[in-house]
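Participant: Sequence:
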Amino acid sequence: MVRPAQPTPNQRVWNSNLDLVVPRFHTPSVYFYRRPDTATNFFDAEVLKEALGRALVPFYPMAGRLARDEDGRIEIDCNGAGVLFVVAETSSSIDDFGDFAPTMELKQLIPAVVYTDDVSGYPLLVLQVTHFKCGGTSLGVGMQHHVADGASGLHFINSWSDIARGLDIAVPPFIDRSLLRARDPPSPTFPHIEYQPSPPMNGQPPRQRPLPRSNPHTRRYRASNHSSGSPNPASTLLKSKPLKSYLTGSYALAAGHVWRCAKRPPVPPRRASLTKL
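Quick note: the sequence shown, position 264, residue 264 per the UniProt record's numbering, numbers continuous.
Hint data in this document are derived by calculation from the structure and do not stem from the laboratory.
None of the hints are false.
Below 27 Å or equal to it, Euclidean Cα-Cα: the simulated BS3-like pairs (lysine-lysine) are:
(1) K49 x K133
(2) K133 x K107
(3) K49 x K107
Label-pair restraints from in silico Cβ distances:
(4) K263 x N17: 32 to 40 Å
(5) G150 x N17: 15 to 23 Å
(6) F42 x A182: 46 to 54 Å
(7) T38 x N17: 47 to 55 Å
(8) R177 x G135: 39 to 47 Å
(9) L154 x K107: 15 to 23 Å
(10) E70 x V114: 23 to 31 Å
(11) V22 x G256: 38 to 46 Å
(12) I193 x W14: 27 to 35 Å
Everything numeric in this text was worked out from a predicted model, so none of it was measured.
Cβ atoms here follow ideal geometry from the backbone N, Cα and C, with glycine treated the same way.
When you get a sec, could you build the whole thing from the sequences and use the hints?
Facilitator: Now the structure itself:
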């Protein structure tokens, strides 16, 4: 386990509803690097571990664990328990993976996480550096989706890389997620008519804006260029085919069913208010 190099805030990070939509799993990703001919200390484990501990100071939720508040809502306990860092070697080559299509062999490059009912029983970030016989290296990352999404996860990886190369973090992380918290009590400022109750049937109908007065015009159009004495080909075709051969689309059937249900007089229960559709 690699823990933050300095003391970090011991607090709880609130998760928004967007964070809780995704199930509890670690998003897998594997990065492959071929060793340059002139490279020295290529993917040195000690350098990576030291840089990882320094990166966990500003990104301290990565070193925490999941927890539940008094209402059972999942949040992040920033207790500094650390992230899992594994160094492995293999007799395989990077070229053995071909076009890097997802396979079971690729899963071996990422540490496995055993999920239990205890949400605080596993790290939020697992890392594995695998050295191949060809000299290349892979970095397997399993990142819990509650702690970071795709963009913020790449932000952490790039910041870790900058620290390992002796650079400073370009953009510090923003930890506070309370901007996405709903107001309590709710105080909506926009009239969402789709959430407003339907008007009662036994009350006065809402006043509607009168329609503008228009000047009517009468026009006549001929439906067919055939004379009254000659047979109409369209009429003859309709009479020759039974009505059951007419195919009705699913949209027309659904619309007709909804219309019949809407026009059917409702049977109101006792002591209930009547509403309009």
